[in-house]
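J.: Produce the entire structure from the sequences given, and follow the hints as far as they go.
As you go down the protein sequences, you meet chains A and B in turn.
Our numbering applies: residue 98 is where the first sequence begins, and numbers increase by one.
Our numbering applies: residue 98 is where the second sequence begins, and numbers increase by one.
It should be emphasised that the hints constitute simulated quantities derived from the structure, not laboratory data.
Some hints could be false.
Distance condition first, Cα-Cα at most 27 Å in a straight line; then the derived BS3-like pairs of lysine-lysine [said to hold, decoys possible]:
| hint | chain 1 | residue 1 | chain 2 | residue 2 |
| --- | --- | --- | --- | --- |
| 1 | B | Lys-263 | A | Lys-346 |
| 2 | B | Lys-263 | A | Lys-452 |
| 3 | A | Lys-121 | A | Lys-320 |
| 4 | A | Lys-263 | B | Lys-306 |
| 5 | B | Lys-263 | A | Lys-263 |
| 6 | B | Lys-351 | B | Lys-306 |
| 7 | A | Lys-263 | A | Lys-346 |
Computed from a predicted model, the values in this text were never measured in an experiment.
There are 2 protein chains.
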Amino acid sequence: MEGDPTLRLRIFDLNCWAIRYLSKRRQERVRLIGDTLRREGFDLVLLQEVCSEQDYSDLKVKLAGCYPFSHYFRSGVIGSGLCVFSRFPILDTLLYQYSLNGYPYMLQHGDWFCGKSVGISVGVTAPLLSLSLQLHAEYCREKDAYLPHRLVQAWELAQFIRHTSKAADVVVLGGDLNMHPEDVGIRLLRGWTGLRDAFAEATRFEGCKNGCTLVPDNCFTDKSELLPFPLGIRIDYILYKAISSFTVKCEELKTTTGPALGTDIPFSDHEAVMATLHIQRQGQPVGATHGTADLALVDVVTEARTEVGVGLRAAQRQRYSSGRMAVLALLLLLLQAAAALGTLAGLGTEQPFPKLSFCLLAFLALGVLALATGLHLFHTMEVKMLHGTEDQMWMALRALQEHP
Amino acid sequence: MEGDPTLRLRIFDLNCWAIRYLSKRRQERVRLIGDTLRREGFDLVLLQEVCSEQDYSDLKVKLAGCYPFSHYFRSGVIGSGLCVFSRFPILDTLLYQYSLNGYPYMLQHGDWFCGKSVGISVGVTAPLLSLSLQLHAEYCREKDAYLPHRLVQAWELAQFIRHTSKAADVVVLGGDLNMHPEDVGIRLLRGWTGLRDAFAEATRFEGCKNGCTLVPDNCFTDKSELLPFPLGIRIDYILYKAISSFTVKCEELKTTTGPALGTDIPFSDHEAVMATLHIQRQGQPVGATHGTADLALVDVVTEARTEVGVGLRAAQRQRYSSGRMAVLALLLLLLQAAAALGTLAGLGTEQPFPKLSFCLLAFLALGVLALATGLHLFHTMEVKMLHGTEDQMWMALRALQEHP
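T.: So this is what it looks like as structure tokens:
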């Protein structure tokens, strides 16, 4: 932005739901997304869940003309499928994987295998930091076992943004945060980083009511999940802030509303979010009034820390019970070894154990021992990370109270 | 540093080798370290391998008077044991865990369980970024299977420093890098971040010859490992750089040389490194001449990328063979299931399988299936991370060649 005092930046964000073997009509939809992106000519495109590298390569070939710069972030087993397409050069990239991301044994909730992360790309016409990301999904709002993990992710994301954005002029974040606008994680992320919500700030809005991005009208969404929310929910966001002597305003925000132009299917089970930001070089960035903002922030961090504490205690209980299970399995194995040795030494020959049951029991004990040890190690790491986050939040609270 | 144009910063760095049940005379040594730190009154203390939180708490209590600010970084199963003690306030902390860190099944090399990471603390008398860290150990220099992992760690560390240090005045890094000074990983880290080696820059030096920190004279070191290096090796470093309008000079560098003052034991199996940095506010930071530095950097990044590529191909082979093993185990299980169904249906009753061997075989197949699947998933993640790093290095090379 050297020389030119203003810039209009058009951003496209979409959770593409392009998981091989799992997502319906994947190839057709990826083709459709590619065609639309080529036709519309955005400046910056942030995509999630493009889990097949082939799909990314196809998009890259198709979009080479209008988005000459792109990057694909690899992580996890399945991959988080984060990618960025840009009309302006991407100078550098960085991937940050959250330290907690669900449980590997919850196979039905594949989050752990995705290796959820945030991809950051620096560049685009001046120090502009753009982030594409996805946080852990919420599977049951009433009894949300993953809330502590999602809060750790929101906290790590906020810390990551604070530490990496200091030399940027403008930060733009687009992604599927898997949280409702009033949830503690969103308030934590926004409060701790100063990011502004494009939906709340937009001068013009067009799209699904309340900016919802998971709506019952979409033919791919799970209708039963959305029963308590007849209008849908808003979990995909474009957030932004100006760091140095720039101001950013959101002129327009749009969401898609079901089937794409000229077809019968939507892009994905999520609606796309499109923002037009107006970036201008001038005085100080427009900030919130800090006195009250800090007080509210103390409340949010305290609330988040309480939830992380709840998760910590649950993880400690799981660590304890898996450890106990491992010890019991080990004792059973030792007992069996003693019995086998006894039989070999000629004791109890009048009443020998049935060999088959004996072996079955030994294998069962061995299996339980391996599984319980694995679980114990996993929950030990979970406890450490939750404890570490609790500590960091406490330090943040102290800093907020001492240097408001 | 507002107002005061110069600052003399005394830094202490040590790999404490304080792993519960494994390290010899641990408590005695931790006490000794604490006593010395209290007596000497450094400004900044960066410790590694303080794996027991109890040891950290004891140190914290002992050092509360002269180092009122401290932080302990939690990670992994055993923990990387990173901690920082500081005479000046620590405003913020951040933990970055490397995406690759050895293999969980290499139990004898416990690196995976440590969750190796870099702990960053911001604060200390003005934007000073201090990092405490440890990279994956080298177990066999001739056939170093972990070199690609260590290079990924060095690259991630360098990227992390580049992205987080932009608003800092001075960056200080202290840690056990597990690399010799001329190794490609060190050259990559130094070249890509511009960090300067305190040993090479120091005006005065006092300590083990060549600045070695793992020496045969230390009673805790493994003498056989050091046979090819009669003087020892230098793998612990203090690196630094000035970012904004500051200059940093290393006035003095010292290492310990065996037993601590008034005792018969050294602090650890590593020698401590102590630097006195002279920080001054003035003109531009003294940088290397950029033309030749960039050319050398291209060579280093190319060399590192080649090594990462070698690791990538090894990981792909391991992924393939573990996948094949899982498929074979699955086929065996299916065959057994078919045989069992056949027996149930009354076929082959004249020659029934011996039940015991049948069950043993089934459990064996099940065990192999579980293990091979786990390995396959692990190596899939490894492939993704190595591939991602290779990509990032390629992008860096392109940027270096296009905008030197």
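J.: Does A:Lys-346 lie within 27 Å of B:Lys-263 when you go C-alpha to C-alpha?
T.: Answer holds: B:Lys-263 to A:Lys-346 is near 25 Å, not above 27 Å.
J.: Next pair to validate is A:Lys-263 with B:Lys-306; report whether the Cα-Cα distance is within 27 Å.
T.: violated, 41 Å
J.: Between B:Lys-263 and A:Lys-263, is the straight-line Cα distance small enough, at 27 Å or below?
T.: holds, 6 Å
J.: Keeping to a limit of 27 Å between CA atoms, is the pair of A:Lys-121 and A:Lys-320 held or broken?
T.: OK: A:Lys-121 and A:Lys-320 at ~16 Å, within 27 Å.
J.: Does the structure keep A:Lys-263 and A:Lys-346 at a Cα separation of 27 Å or less?
T.: holds, 20 Å
J.: Take a quick look at whether B:Lys-351 and B:Lys-306 sit within 27 Å of each other, Cα to Cα.
T.: Given pair B:Lys-351, B:Lys-306 holds - Cα atoms ~11 Å apart, limit 27 Å.
J.: Keeping to a limit of 27 Å between CA atoms, is the pair of B:Lys-263 and A:Lys-452 held or broken?
T.: violated, 68 Å
Of the hints listed earlier, those the structure fails to meet are numbers 2, 4, in rising order.
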